[in-house]
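Asks: Generate the whole structure from the sequences, applying the supplied hints.
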Amino acid sequence: MWDDLIQMFSYPFMTRALIVGILVSLCAAVLGVTLVLKRYSMIGDGLSHVGFGALAVAAAFHIAPLYLAIPVVFVAALVLLRISENSKIKGDAAIALFSTSALAIGVMIVSMTSGMNADLNNYMFGSILAMSEEDVRLSVILTLAVLVLYVLFYHKIFAVTFDETFAKATGVKVELYRTVLAFLIAITIVLGMRMMGALLISSLIIFPALTAMRVCKDFKSVIICSLILAMVSFTLGLALSYFLATPTGASIVVVDMVFFLFFFIAGRKQG
Amino acid sequence: MALITCKNLSFAYENQLVIDNLSFEVKTGEYLCIVGENGTGKTTLMKGLLALKKPTKGEILTGDGLRADQIGYLPQQTPSQKDFPASVMEVVLSGCLNKKSFSPFYSKEDKEKAKANMELLGIWDKKKECYKDLSGGYKQRVLLARALCATSKMLLLDEPTTGLDPVAIIDFYETLRELNRKHGITVIMVSHDIKEAVKQADHVLHLTQDSYFFGTTKEYIKSNLGKEFLGGYENVG
Ligand SMILES: Nc1ncnc2c1ncn2[C@@H]1O[C@H](COP(=O)(O)OP(=O)(O)O)[C@@H](O)[C@H]1O
Ligand SMILES: [Mg+2]
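If you're matching them up, the sequences are chains A and B in order.
The numbering of the first sequence is our numbering, which starts it at 83 and goes up by one.
The numbering of the second sequence is our numbering, which starts it at -18 and goes up by one.
Quick caveat, the hints were computed from the structure, so don't treat them as lab data.
Watch out, some of these pointers could steer you wrong.
[Stated by the list, open to error] Which chain A residues face chain B? A few, computed with CB under 7 Å, are given here:
| # | residue |
| --- | --- |
| 1 | Ser123 |
| 2 | Val256 |
| 3 | Cys298 |
| 4 | Phe301 |
Remember, predicted model here, so these are calculated numbers, not experimental data.
Even for Gly, the Cβ is constructed at its ideal location relative to N, Cα and C.
Replies: See the structure below:
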C-alpha cells in the first residue's frame, strides 16, 4: 500500500494534480461557507454552466480559455449575488435562468463549430490529470491570491454574511466586499471546473461547509474544519481514483458524501 | 442643532408613496418611539435614517458631529440567522468594523470595547456560546452589544421585542432605558406596542396612512390620535 502511494506520486502529473487540487479545494471550501449560509448554494452550479458556455466560445474563437472564462463568470457572479435583494426575479430562478441559457449557448456553439473537442470535454467532466504546466502555474498563483484575499477580508466577509443590513448601516462597504467575493468565486469555479468538471464543481463548494456545520458551532471553527475536510477529501478522492481508475471528480464527491454522513450522525449524537 | 433633523421627507417604492412630507427632529439624549400600524412605513423610515434608502423628497440632516456610520442598528431578525454558526464574541466584535476601513484584524481596543459592552449587558460569560442556541432575550442582548460597538451616540431599533417572552420584554426595556438615561445614548425605537412606547419614550412619532403626529409623550397623550389609540389609558409615569 505504502509503496503504491509512493509510486503514485512518482508521476509528476499526480504531484501537479495534488498541489492544484488541494489549493482549489481550499478556496472552494472557504467560499462555500459564505455561499451556503447566504442560501446561495446553487450559485456554484449555475456559474459552472456559465463557465462552460464561455469556454465553448473561447474554443470556437481560439481564445485562451481561462482569460475569457474568468471575466465572464465574474460578471455572472456579480449579477447573481446582487439580484437577490432588489428582486423581481427570485434568486434561485435567476440562477436557473443564467445557467440554462449559458449552457444552451455553449451547446449551440459547440455543435456549430468543431464539435466537442478534447479540451472542452475536460472542462465538462473534469480531468485534472491533463493539466499542462502552464495551467498549473496559473492555478497556483490565482488560488494563493484567493486565499490571501480571503484572510485579509475575513472579518468583513463574516459581517456581510451574518447581517448585510447591519454591516451596510454601520458603514461597511458591502458593495466592495460583494465584488471581491464574486471575483474570488469566479476564479475558484473556473479553476475547479478543470479538475471536477462543470457537472460536479458545486460539490467542492457545498460539501465541506455543510459537513463542518454539522458539528462546529462558531464561524471560525466552521472555516477551519471545512479547510481540513476539503484537503483530506481531495487527497483521498485522488488516491481512490488512481487505484480504482475512476474519474477524479466523482471519486472526490463519493469521499465527501461519506464524510458528510459521518458528521451528520456525529452531530445528531451531540444533540 | 439637533442630532437628526428630518425635513419634508417622502419615501416611495416604485411610485407608490409610503411616507409623505414628514418632518421631525431628535436631540441628543432623547428617546423617540415610532409607532403606527403595519404598513405605515416605520421600517422604511428607519432605512432612510440609516441611509439605506434614499428619500424621494426632503432631507435628513445630522448634527452634533454624528456621522452616518455612528448609528447602532438593531434590525428585525432575518430568517437565515436561525442556523448561523457564530459565537457570541464573533457577532459582537463584528460591530467594531465600521471604524477601520482597511485593517484586516481587530485591535486590542476593539476587543476591550466588545468586552465592556458585553459586561454592560450581562453576556460576558456567554462569549463562547453559539449565537443560534441562545434564547430570544439573550439574542437581542448580543445584537444590542454589537450595536453599541458601532456607536456610543445613537441606537435605532426596529420592533426589538417581537418574539420575546413577557419577562424578557420588561428586561429589554429596562436595559434600553438605562442605556438612554445613564449612558446618554439617543434611542429611536420602532414599536407596535403603543402603550408600552408611551411609558418608555419622551417623544412619540405616530405614523398613520395619510398623516402623522410628532411631539412629546405628554402632548401625544392629550392629542386626539393619542386618545384614540391609547383608549383611555391614563396613568402614565
Ligand atoms: N422593498 C419594498 N418594495 C416595495 N414595497 C415595499 C417594500 N418594502 C415595503 N414596502 C411597502 O411599503 C409600505 C411600508 O412598509 P414598511 O416600511 O415595512 O411598514 P412598517 O414597518 O410600518 O410595517 C408597505 O405598504 C409595504 O408593502
Ligand atoms: Mg416593519
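Asks: Take the hints in turn and mark each one as holding or not.
Replies: Against the structure, the hints:
{"no.": "1", "hint": "Ser123", "verdict": "violated, 12 Å"}
{"no.": "2", "hint": "Val256", "verdict": "violated, 10 Å"}
{"no.": "3", "hint": "Cys298", "verdict": "holds, 6 Å"}
{"no.": "4", "hint": "Phe301", "verdict": "holds, 5 Å"}
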